[in-house]
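**Student:** Residues per chain, in single letters:
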Amino acid sequence: MTRFSQYTRWIIGVAALASALGLGAFGIAGAARDTGFDTGYESQDGYSDDHDSDDHDSRDRDTGSMKSALAGGGPGTTLYAEECGACHVAYPPGLLPSTSWQAIMSGLDDHFGENAELPADIAAQLEAHLNENASDRGDRLMNARLLRGVAGDAPLRITGLPYFKREHDEIPRRTVEDNPKVASFSNCDACHRDAARGRFDEDTVSVPGSGRWHD
Amino acid sequence: MRLCAAALLAAMALTARAGDLDRLLAEYKGQGAREFSAESGEALWRKDFSGKSCTSCHTDSPRDTGRHDRTGKPIEPMAPSVNPERLTEMRQMKKWLLRNCKSTLGRECTAQEKGDVLTWLREQ
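The listed protein sequences correspond, in order, to chains A and B.
Going by our numbering, the first sequence opens with residue 26, and the numbers climb by one from there.
Going by our numbering, the second sequence opens with residue 183, and the numbers climb by one from there.
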């Protein structure tokens with residue numbers, strides 16, 4: 026074996042090792058980039074951060090795709106959270122069409138059995154907020170999905186929508202009705218911790234007493 | 183001097199806070215209420231109206247955190263001693279007294295009833 030060939034073999038060996046290590050590092054970096062998003066979510070214990078909502082919206086084309094649009098926005102957002110959110114989760118306006126919100130706002134003196142009357146000026150601001158962000162003002166596909174199989178044009182209960190029932194049909198009684206920390210499907214935010222912000226994707230679900238939900 | 187100004191500001195803030203409640207009580211007097219009674223207010227708080235009462239949501243003690251009887255949402259204590267925000271805003275007091283009397287008693291409360299319950303609550 027000449028000195029020259031030994032030297033060549035050494036070079037080839039180093040190059041091969043370097044390319045193997047490089048390929049490995051590239052693979053690990055790629056994998057980290059793919060899962061970094063989800064890992065970030067899990068560290069929040071069921072909650073999710075706002076900063077990556079746009080990424081997630083474009084990635085997820087099922088219910089998750091609508092989660093930011095559902096809550097809507099505009100000048101009435103804070104008032105809505107304060108007034109309606111005082112008694113129950115501030116249901117994202119994008120879950121019902123404007124006909125529904127108008128019916129609800131015109132019957133506040135008997136609001137599902139409770140009196141929820143408001144001074145006229147506040148009620149008008151809230152009604153405007155609801156109308157601007159109702160499902161028929163947002164994603165047409167989502168609106169059609171929400172209203173599929175609905176009797177009449179102004180459903181009053183989100184939990185009564187066939188769409189809602191389909192989405193929740195696998196959930197056993199012990200998880201919701203028989204779970205004292207949830208009690209009713211109306212308490213969206215008992216499990217969907219980000220419900221008031223219009224986020225319902227599974228990453229944000231955490232059932233009280235049994236932790237993260239997996240379909 | 184600076185201390186004086188701070189004390190004055192604090193006093194003004196307190197007056198403003200008590201102001202709305204005093205104005206509301208005066209309004210009820212103007213509607214025909216007699217002297218208000220904390221004792222009657224407490225009795226109203228605990229009175230049963232066909233299975234519903236103030237305590238259904240606010241619990242027996244206004245110093246405790248309540249829970250909406252339908253939705254289960256927590257309700258901050260009503261007693262100003264533990265929740266200084268309470269009984270400070272005219273709009274809030276009027277809104278909730280209207281809603282809750284109608285929901286619980288099935289009718290609006292009289293000026294006397296509202297004044298009594300507020301008079302009792304402010305001492306809590």
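Rather than coming from a laboratory, the hints here were simulated on the basis of the structure.
The reader is advised that the hints may include incorrect statements.
[Unchecked claim] Once the Cα atoms are required to be at most 27 Å apart in a straight line, the calculated DSSO-like pairs of lysine-lysine come out as:
id : chain 1 : residue 1 : chain 2 : residue 2
1  : A       : Lys-206   : B       : Lys-255
2  : A       : Lys-206   : B       : Lys-276
3  : A       : Lys-190   : B       : Lys-255
[To be verified] Anything over 12 Å on all C-beta distances counts as not near chain B; from chain A, calculated:
id : residue
4  : Thr-33
5  : Gly-99
6  : Ser-131
7  : Leu-133
8  : Ala-153
9  : Gly-174
10 : Tyr-188
11 : Ser-209
12 : Asn-212
13 : Asp-214
Each residue gets a CB set at the ideal place from its N, CA and C atoms; glycine is no exception.
**Student:** Against this structure, judge whether each hint is valid.
**Tutor:** Now for the hints, and whether the structure bears them out:
Between the alpha carbons of Lys-206 (chain A) and Lys-255 (chain B) the distance comes to roughly 11 Å, so the proposed pair stays at or under 27 Å and holds. As the CA atoms of Lys-206 (chain A) and Lys-276 (chain B) are separated by approximately 32 Å, the hinted pair breaks the 27 Å bound. This hinted pair checks out: Lys-190 (chain A) and Lys-255 (chain B) have alpha carbons roughly 23 Å apart, not beyond 27 Å. The claim that Thr-33 (chain A) lies off the interface holds: its Cβ sits roughly 76 Å from the closest Cβ of chain B, which is beyond the 12 Å cut-off.
The claim that Gly-99 (chain A) lies off the interface holds: its Cβ sits roughly 22 Å from the closest Cβ of chain B, which is beyond the 12 Å cut-off. The Cβ of Ser-131 (chain A) sits about 16 Å from the closest Cβ of chain B, beyond the 12 Å cut-off, so the non-interface label holds. Annotated as non-interface, Leu-133 (chain A) brings its C-beta within 12 Å of a C-beta of chain B; the closest such distance is 9 Å. Once the 12 Å rule is applied to beta carbons, Ala-153 (chain A) is consistent with being away from chain B; the minimum gap is 19 Å.
For Gly-174 (chain A), the requirement that its beta carbon stay farther than 12 Å from each beta carbon of chain B is met, with the minimum near 26 Å. Annotated as non-interface, Tyr-188 (chain A) keeps its C-beta farther than 12 Å from every C-beta of chain B; the closest such distance is 22 Å. Separation of Ser-209 (chain A) from chain B is inadequate, the least Cβ-Cβ distance of about 8 Å not exceeding the 12 Å criterion. Distance check on Asn-212 (chain A): its Cβ comes as close as 6 Å (rounded) to a Cβ of chain B, failing to clear the 12 Å threshold; non-interface status is violated.
The beta carbon of Asp-214 (chain A) is not kept farther than 12 Å from every beta carbon of chain B, the shortest such distance being approximately 9 Å.
Taken one by one, the earlier hints fail for this structure at numbers 2, 7, 11, 12 and 13, listed in ascending order.
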